[in-house]
Each structure stands twice: as C-alpha cells, then as structure tokens.
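J.: Chains as they are written, first to last, in the working numbering: chain S, 1371 to 1705; chain E, 1371 to 1705.
Misleading hints may appear alongside valid ones.
Since the list gives no way to pick one copy over another, a pair counts as held whenever it fits inside one copy or between any two copies.
What the hints assert, rightly or not - List of simulated lysine to any residue pairs, SDA-like, C-alpha gap at most 20 Å:
1) K1586 to S1690
2) K1573 to E1656
3) K1440 to D1462
4) K1586 to D1685
5) K1586 to M1405
6) K1586 to V1421
7) K1586 to Q1532
8) K1440 to V1421
9) K1586 to R1693
10) K1586 to G1533
In short, the hints are calculated from the structure, not lab data. These numbers were taken from a predicted model, which means no experiment stands behind them.
Number of protein chains: 2
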Amino acid sequence: MNILFTSAGRRVSLLRSFRRALQASGGGSILAADMDPTAPALFEADKGFLVPRVSSPDYISRVIEICKCKSISAVIPLIDPELPVLACHKDDLAAIGAVTVVCAPEAVAIGNDKLATTAFFSSVGIPTARTFSREEVLNSLTKRERLQFPMVVKPRHGSSSQGVTLCTDEAELEFYLARYRDLIVQEFLRGEEVTIDILGDGKGNILSAVPRKRLKVRGGEVERGITVDDAPFREFILEIGRHFKPFGAINVQCFVTEKGPVFTEINPRFGGGYPLADAAGAGFPELILMLIQGTSPEPRLGRYQRGLVMCRFDDAFFVSMDRLSGVGGPGGSRE
Amino acid sequence: MNILFTSAGRRVSLLRSFRRALQASGGGSILAADMDPTAPALFEADKGFLVPRVSSPDYISRVIEICKCKSISAVIPLIDPELPVLACHKDDLAAIGAVTVVCAPEAVAIGNDKLATTAFFSSVGIPTARTFSREEVLNSLTKRERLQFPMVVKPRHGSSSQGVTLCTDEAELEFYLARYRDLIVQEFLRGEEVTIDILGDGKGNILSAVPRKRLKVRGGEVERGITVDDAPFREFILEIGRHFKPFGAINVQCFVTEKGPVFTEINPRFGGGYPLADAAGAGFPELILMLIQGTSPEPRLGRYQRGLVMCRFDDAFFVSMDRLSGVGGPGGSRE
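Pulled out of the complex, with its shape left as it was, chain S reads as follows (with noise of 0.2 Å):
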C-alpha cells in the first residue's frame, strides 16, 4: 500500500510513524509532494515530488496523476490551504482508487473559518469562546459600548496562530481592526492550552483522542507538551464526533478554564504536535491504515500514556544544491 502525503512540509516524524506501521502491516511506500524543493520531508520518503502552489490550478491534477502513476492508496493532505481542494475532489481521487483521508467539504469549512468554528460548537452545545466579527466590534467602537479587555484578534482565516495578537485597550484594537480586514475578535481565556489529536471513522465514531497540554510554543507549534488524562473532555470529543463526523486526524483546541474546557479551533488535519500523541500510544497512522482498507477499527480511547512529555528539537538533512533539482534526496529520489 503506497501513502502519498501533500504539503509534506516538515513532517519527517509523522512520516516515519506511518513507516513503521507500514511495515508492521504488508509493507508500501511512502510518498511526499511539496512545492518547495527544500522541504525535508521530501527527503524522508522514499520519493519526492514537487508540485504547483496549492492555488494553483494546475495543483489538482498534479496530484491525481502521481496518484495514478505510482498506484497510490490514500492521499493524506496536511495544511490547511489545501484541505477544500482536496475534500472536493474525493470522488475523482476514489475513481482511480486513491483513499483521501480529509473530511467533508462542509466541515473542512467549518475548520477554515474561526467564525463558523466557534458558531458550530454553540450549536451543539460545547463550550465555546465568545467571538465577534470585525463588523460587530467597529459598531461597538463607534457607539462607544463598553467592551471587556483584554480582547484577542485573530485572522478569520488563518493557521498556526499567525498574526494573533493581545489587546488591553480600545486604541490597540482599533489599530489592529483599521489595519486589517480578514479578522475576528474573542474574549481572552483564562487557562491553560489543550490540544486534542482526534481521530474519526468518517461516520461519526472517534476511534482514539490524546488530549497535550502546551508546555512551550515556537513560530505557533508546540516545542514541549505533555499528555494530559482524557476524562474531562471525553463527552467533548464524542459530541464533535456526532457532529462534525471526522474522518481521520483533526485537532481541536480548547482553554480549560475555572468553568471547564472552552473550545476555540478546529484543525481538521493533523496537528503539528501529533508526534507527542503518537509516541503516547495514539496509533493514527494504523487506524488510518486499517480505515483505508475498508476495515472497522475497535474505537481505543483513553488507551494512551498519561503524563508524557516531548521536548522538541532541531534535526536537519544538508543536501547540496546541485541536488535538490535532481533525483536524490538522502531518505530517497525524487521527481
């Protein structure tokens, strides 16, 4: 069974746990697209594709003919930009027998948009932050309410808390809202920071969850983080299950605030921090494995390592320049 992974980026570790549970189930190969002939984890897999921008329109049938020619079995995106693409094309990626392991186009928008996440969870009833469109808040501004300080603004549609800023005051937060367009506004929480890596039958069934608390955050990914027992967001994740049925890896994230767990973000891929769920007994990648090949995994929640802690640094591979047009990467070739 040969894996093809988009956007690959710099996910050598996620890589490499899909190889080991490769190896443990028949063998296959693992495959990795970018645009950027410098990401590393072209040279982790054992072959390497570039590929046109994401936007590009070109991008899609990239990606289904590398399908095509090296009888790939499942597609795994992982950056968000691309994750609408892909979910739109499931039918034509299934038609040559590829498996994409994203969720549906409806919810794949609900991740991509922090509004539409946060009404979401209002609507089935978990816990979420209060939020406000930039719209609201210059109303506010302009009737001069009072507003509770200190406010987060965040983009509306952005990744990796990009551009996520504290504002203790009405002058900050007209600043930032003059300045740009594509934001929102959330009351600041209280608490510490829960990431849950959760992985979904596509019908509504959560088949494992590990929630990590953020030790230590680098450039909006967590450097050090710890698994944190799953007994107080249990009823959460099955509720998300429900409702926004994922099918493979998401993340959610929530503050565990005096009140319990608030939830903010969906990311409905899998999250940068996966490796510490992994290395805790998460098992994504067999599950997902099994999944493809049309099997009913046993849900395994709670089947992890409490209290585990990943301290994250820098490996790199050196590749001369001559040959990263080329053919060979130190982890394989390229194409």
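With chain S's structure known, arrange chain E on it following the hints.
T.: Then chain E, alone, in the frame of chain S:
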C-alpha cells in the same frame, strides 16, 4: 576533557558536533545545564544539570560548583543574557581549571546592545544600517521631520528577532514607540540576509568563518539556509576579528544590498543555525578543543562547502513526567 554547555536548551545538534570532536581527540564528556527540566539538550548530554535562572545571584556559584565537581575543562554559554555574567567570571573559572569560551566583557556589551553594535561597526569602517535611538525618533516626530519609510523597529537588547516590526508610516512608528521603551529604529535594508558564523582565537585572529543565507525563518531562527561564498565578506570578517577580537564562536548578521554587505548585528555566541556551517566543514568544535588546550590552530578560512542547504525538521525526546525530576534521561543521567 569535559565540556559544560550552559543554557543548553535545544542545542542538541551542537552537542552532537562536540561529542564527535571529543571522540576524535581523546574522549571526554558532554555536560549540559539549563533552568528548565524539559530542555532537550539535558537528555542528549552525558549528564544534565538543573541550574537557577541566569539572573539569580546563585547562578554563577552553581556553575562554578559543577565545574569543580565534574572537572570541567571548558564552559560554553549559549544564550545572550548569560554572556555578561560568564564574561565577568572568567578568572574565577580559570582558577579552577575551566576556560570560559566567551568574548571579553566589553565585546559582549557591544553585541548585546544594538545601538552599540552599529556604533562599533561605524567606528571601524564596516558598513552598517543607519540606526536611531528611540529619543532621536521621538524628537523627529515631534518636529514633524520627514522620515524615510519603511523603517524597522526592534528591541535594543533583544535576541532572535523577537519584537522586530516593520513600520510603514508615522502612525505605526508612534504606536510602537509609545508602547515599548527599549526600542531602536533602523533603516529598512533591501537585500538577502546573511549570517556569518565566525570563530576567533581571542587575539584578533579568525580561524574559520562560514556565511550562510537565510532561506526560511521560523520563530526568529533559521529553518532553511544555504552556505554561500565568503569572498564578498572576507575583508569585513578579518576587520571584525582585529577589532572585536572574538574568543570562540560568534555570529554576525548583514544584508547584502546593492552597495554590498551592510552589517546589523553581532551575537557573541554560537548562532542557532551553526549546524549548517558545521555540516559544511566549519570545524568550530575541533578548533575550540585546540584553543582550550592552549594550542594555536591554523586558520582555515574558505575551507568549507558552498551551496550546502540545511532543511530542518523537528525531532524530539519523549520522557515520562516522573523521570523529569529524577535521575535518568534517554541520553544520560541528570542531577
């Protein structure tokens, strides 16, 4: 020969380079100290030590104590805030047989203050960015003098480009200057950003130097970079050697503008991106071991691989929480 790295943090690759150099030159141990029990370098080291915060009055006495107990031959500090502390205690450490691989206190002071850095460059005839103190700019704004935008606002004493912001108009500039006191304002330089890893013998001689271009940055640190030819930088490197007299590794930053390199920063310590220079053949660890032993290594400027690309990704140590306060990490034991 035992080497102690202080504030070792995530410097796992650097420790591995030194381990290789030690093994090739008679053996010894790699020890690491950090205030954070989750610092990954603690698990890479043969022995890890928890120490107080650098600003604590107990910090230096704890470092001296470790050096005594573990027969340390050299201490290599790795973050900016501890450089002045260790530079001032070189004699105390020398008295117990440990060489502190850090520049003189005057040089450290120049590196830690961006206003002093550009003044230093100017005074020795090295091209540098036009730089203004916060007061100068506030004055200009009051007098409504015409400023040339965009301008760059950065912390005077900051490191790793935290808080560096591009300002496109007076309003933005006023916003940041009103909110933060420890700022300088610098002309915006157009050109590729090059970091040069430089190794000096403390007497004004440069032993090795490798310039590398930043291709991609994450959290202020290079994520992808490529080594470039040193010819355009050679005279400036030697000039920095003569006047700054680095002892051990430093890194300087410049922009390659239409008029040639324009220098902006000196960090008087190993740069976070040094592993690229190392992979290209910079050889700092071997040379530093020779310096510690009192020999005078031959300079090896220009002897490194051009066009070597570093593609970084996250690796991690996974440690059970109950082992964090205990005695064993994956790579060694801890005290």
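J.: None of the hints should be skipped; say for each whether it holds.
T.: Against the structure, the hints come out as follows:
Within a single copy, K1586 and S1690 get their C-alpha atoms only as close as 33 Å, which misses the 20 Å cut-off; across copies the closest is 17 Å, which meets it. Within a single copy, K1573 and E1656 get their C-alpha atoms as close as 18 Å, which meets the 20 Å cut-off; across copies the closest is 59 Å, which misses it. Within a single copy, K1440 and D1462 get their C-alpha atoms as close as 16 Å, which meets the 20 Å cut-off; across copies the closest is 64 Å, which misses it. For the homomeric pair K1586 and D1685, the shortest alpha-carbon distances inside one copy (18 Å) and between copies (15 Å) are both at most 20 Å.
Taking CA atoms no more than 20 Å apart as the test, K1586 paired with M1405 passes between copies only; the shortest distance there is 14 Å, against 29 Å inside one copy. For a Cα distance limit of 20 Å, the shortest separation of K1586 from V1421 across copies, 19 Å, qualifies, whereas the shortest one inside one copy, 33 Å, does not. For the homomeric pair K1586 and Q1532, the shortest alpha-carbon distances inside one copy (16 Å) and between copies (16 Å) are both at most 20 Å. Only within a single protomer do K1440 and V1421 lie at most 20 Å apart by alpha-carbon distance; the minimum there is 15 Å, versus 53 Å between protomers.
Only between protomers do K1586 and R1693 lie at most 20 Å apart by alpha-carbon distance; the minimum there is 19 Å, versus 35 Å within a single protomer. For a Cα distance limit of 20 Å, the shortest separation of K1586 from G1533 qualifies both inside one copy, at 18 Å, and across copies, at 18 Å.
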